[in-house]
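Peer 1: Protein sequence lines correspond, in order, to chains A and B. Numbering-wise (numbering that gives the first Met the number 0), the first sequence opens with residue 0 and increments by one. Numbering-wise (numbering that gives the first Met the number 0), the second sequence opens with residue 0 and increments by one.
A hint or two may mislead.
[Said to hold, decoys possible] In the SDA-like style, the derived pairs of lysine to any residue whose C-alpha atoms are separated by at most 25 Å in a straight line are:
(1) B:K264 - A:R224
(2) A:K201 - B:G367
(3) B:K324 - B:D312
Because the hints were derived from the structure by calculation, they are not lab data. Note that the structure is predicted; figures quoted are calculated from it, not measured.
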Amino acid sequence: MADVLIVEDDKATAREIAVALSDQGMRSSHAETGVAAIEMARSRHYDVIILDRMLPGGLNGLEVLAALRGTSVTTPILFLSALSAVSDRVRGLRAGGDDYLTKPFDYLELTARVDALARRLAAPPSSAQEVERAVGDLHMDLLNRRVWRSGQEILLLPREFALLDYLMRHAGQVLTRAMIFEQVWGYHYDAHTNVIDVHMTKLRRKLDLGQKPPVIETVRGSGYRLVAL
Amino acid sequence: MRFRDLRSASSFRLALFFAALFGSASLLFVATTYTLTTSFLSGNPDERMRAQAVSFDARSPHNAEEMIDQHGLLDPAGRRPFGLFAPDGRWIAGNLRKLPNSLPRAERFFETKVKAGGEDTIYRSFLHHLPNGRIVIVSRNIEELAQFRERLLDVTILGLMLMALLGIAGGTIIGLASLRRLDGVTLAIESITRGDLSRRLPARGNNDDIDRLVRVVNSMLDQIERLMGEVKGVCDSVAHDLRTPLTRLLAILERAHRHNLPADKREIELCNAIQEVQQMLRTFAALLRISEMEDGVRRASFQEVDLAQLIADVVDYYEPAADTKGISLSFDRGLMDGPRSISADADLMFEALGNLLDNAVKFTPGGGAIRVELADGPIVSVTDTGPGIAAEERGQVAIRFHRGTRSRGTPGNGLGLPLVNAIARLHGMELRIEDHIGGCRVALATLPSSLSVPVSIQRRLNPVNAGGHAPAHALENTSL
Numbered sequence: 000m001a002d003v004l005i006v007e008d009d010k011a012t013a014r015e016i017a018v019a020l021s022d023q024g025m026r027s028s029h030a031e032t033g034v035a036a037i038e039m040a041r042s043r044h045y046d047v048i049i050l051d052r053m054l055p056g057g058l059n060g061l062e063v064l065a066a067l068r069g070t071s072v073t074t075p076i077l078f079l080s081a082l083s084a085v086s087d088r089v090r091g092l093r094a095g096g097d098d099y100l101t102k103p104f105d106y107l108e109l110t111a112r113v114d115a116l117a118r119r120l121a122a123p124p125s126s127a128q129e130v131e132r133a134v135g136d137l138h139m140d141l142l143n144r145r146v147w148r149s150g151q152e153i154l155l156l157p158r159e160f161a162l163l164d165y166l167m168r169h170a171g172q173v174l175t176r177a178m179i180f181e182q183v184w185g186y187h188y189d190a191h192t193n194v195i196d197v198h199m200t201k202l203r204r205k206l207d208l209g210q211k212p213p214v215i216e217t218v219r220g221s222g223y224r225l226v227a228l
Numbered sequence: 000m001r002f003r004d005l006r007s008a009s010s011f012r013l014a015l016f017f018a019a020l021f022g023s024a025s026l027l028f029v030a031t032t033y034t035l036t037t038s039f040l041s042g043n044p045d046e047r048m049r050a051q052a053v054s055f056d057a058r059s060p061h062n063a064e065e066m067i068d069q070h071g072l073l074d075p076a077g078r079r080p081f082g083l084f085a086p087d088g089r090w091i092a093g094n095l096r097k098l099p100n101s102l103p104r105a106e107r108f109f110e111t112k113v114k115a116g117g118e119d120t121i122y123r124s125f126l127h128h129l130p131n132g133r134i135v136i137v138s139r140n141i142e143e144l145a146q147f148r149e150r151l152l153d154v155t156i157l158g159l160m161l162m163a164l165l166g167i168a169g170g171t172i173i174g175l176a177s178l179r180r181l182d183g184v185t186l187a188i189e190s191i192t193r194g195d196l197s198r199r200l201p202a203r204g205n206n207d208d209i210d211r212l213v214r215v216v217n218s219m220l221d222q223i224e225r226l227m228g229e230v231k232g233v234c235d236s237v238a239h240d241l242r243t244p245l246t247r248l249l250a251i252l253e254r255a256h257r258h259n260l261p262a263d264k265r266e267i268e269l270c271n272a273i274q275e276v277q278q279m280l281r282t283f284a285a286l287l288r289i290s291e292m293e294d295g296v297r298r299a300s301f302q303e304v305d306l307a308q309l310i311a312d313v314v315d316y317y318e319p320a321a322d323t324k325g326i327s328l329s330f331d332r333g334l335m336d337g338p339r340s341i342s343a344d345a346d347l348m349f350e351a352l353g354n355l356l357d358n359a360v361k362f363t364p365g366g367g368a369i370r371v372e373l374a375d376g377p378i379v380s381v382t383d384t385g386p387g388i389a390a391e392e393r394g395q396v397a398i399r400f401h402r403g404t405r406s407r408g409t410p411g412n413g414l415g416l417p418l419v420n421a422i423a424r425l426h427g428m429e430l431r432i433e434d435h436i437g438g439c440r441v442a443l444a445t446l447p448s449s450l451s452v453p454v455s456i457q458r459r460l461n462p463v464n465a466g467g468h469a470p471a472h473a474l475e476n477t478s479l
């Protein structure tokens, strides 16, 4: 079970985050100030730290991050911020943050991202020579860029292949449209992510071969999940 | 009170200051002239008188008496009276017959006023003790010199008074004129401050310094008025556009509450409600992004971007959506095959082009075609076979929440093209909308660099980028 440290000065927001995390089976602790957060993060292990950019008292989010990284705390950090302007996101990521969400955010988006960060830490480091992937009856040859389902080859376009690759790497996880767009297309923006649905429909149609049970689940209100069959 | 204001009017003070300065200089000049002139006019004759007086030293007493008497005969009008007196003051010779009552100091010049024929006459004299103890006085009438000096003094005083008068009068006139001028400006500003934004500062039309200032302020007021109008329009639109989804949201929640729906139906309604809220949040996010873009600060994240690759990515992203509607979507790179490097924010560029393609896919009827082209400039254009935007509405695409008449009945918040427009401007590009055979063409055209963001802003945001090479650490150039 993943352990999450929530650093957020607004109690109501912190409570909602905690509830959303526990719904997804994650435990959480709460710190209201940067100083408390640093103490807690040093005293025990957390899988993910959710860090508000703006905190009361002496330390803001970026400074807390710097202090943690300075004492070799490598816990993945997800920034939460009401600042959407001035490339704050880029600045937060450059400072060593691992992900960035702008308030107001979707709670499913938040838990999906926290889950992804926690799993990244838990997963064994992927070797560069990885040449194939298998999830359930899906099989992927990364070298020749070919895909089979139950031994039957499926012809995919390059983008569809990249999409499936991402889904397979994170099999079982909820992946939001925004996450998929960021990871597969490599750009960052929130609007029009519903276009992802069209891509997903096409990929699904190919994977399900008309009669097989669907491998890609729609998670209502948030995104998709690849299930192992 | 006018005259009390006058004292604090800067032009009046300035006029007085110059009057005082000029007056002091004149006074100095006149004083010098006066001193030099009088000493010149009296200096030479003085020397002659002293020499005459001293010349008696060498003569015998008798000879001296004769000389003085002779001189008296030659000067019947008494213009240059001489006198020789015994040491006790008794007159001996000459046409000056009486010593002054109080004997002046010897070997000095002195002036005496003598009443003669009802008129004062002024004499300048030199008193000399001869070696034998006698006193000789050599005089001359200096009436003219005295008169000259008096006149000079009078004229000087008169001139200075006139100057002071003119200075004060001139200063008052100038001060009052500028006060009247500034009163007009002040009144106008006060009424603007009270909220009458259509009011302008009065200009005189003579192109003087104040006029130029007034014109600059007026054009600033034009800009402010336009912006205020826009802000008001946006506020109205925000209020209006939020009321619709809020009303829907309220309806959904009330219905779910009232009907005591079974769990599965309630679930659906809650999802609908969440979607409404998300839509509202997206509207706010778009608004915030537009204003962020208009600040121009986003330039900080500019990097070298391959525009051709970026367009290919956008086209690739929208291709399935177009395909589903039976629309053909194609990308024409033009004649150039390699990368087209520009300095841009890749995410924003993607968003702008994505918006254009989203619109094109949304409005082009099934079976139509969308063609994306990259031409020299660079110019990116999206040509579709949709209904386009009516010519008279094209000027309004940059206005937030404005939705064209042809977009009725399709989803959208009226923030798409304003966002594209803002992103284009941030990149020194222009959003162009044109008719095209059988459809409409929307283009992002790069403007000559002088027309884009002012150089000063560019420098502030991205100093290293002046040469067109965006360094990877461009972000460090801005700080919180």
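Peer 1: Now look at each hint and say whether the structure bears it out.
Peer 2: To see whether the hints hold, each was checked on the structure:
1. Restraint check for K264 (chain B) and R224 (chain A): the C-alpha separation of about 24 Å stays at or below 25 Å, so the hint holds.
2. Pair hint K201 (chain A) plus G367 (chain B) holds up; C-alpha atoms about 21 Å apart against a cutoff of 25 Å.
3. Between K324 (chain B) and D312 (chain B) the alpha-carbon distance is near 19 Å, which keeps this suggested pair within the 25 Å criterion.
Hint compliance for this structure: every hint is met.
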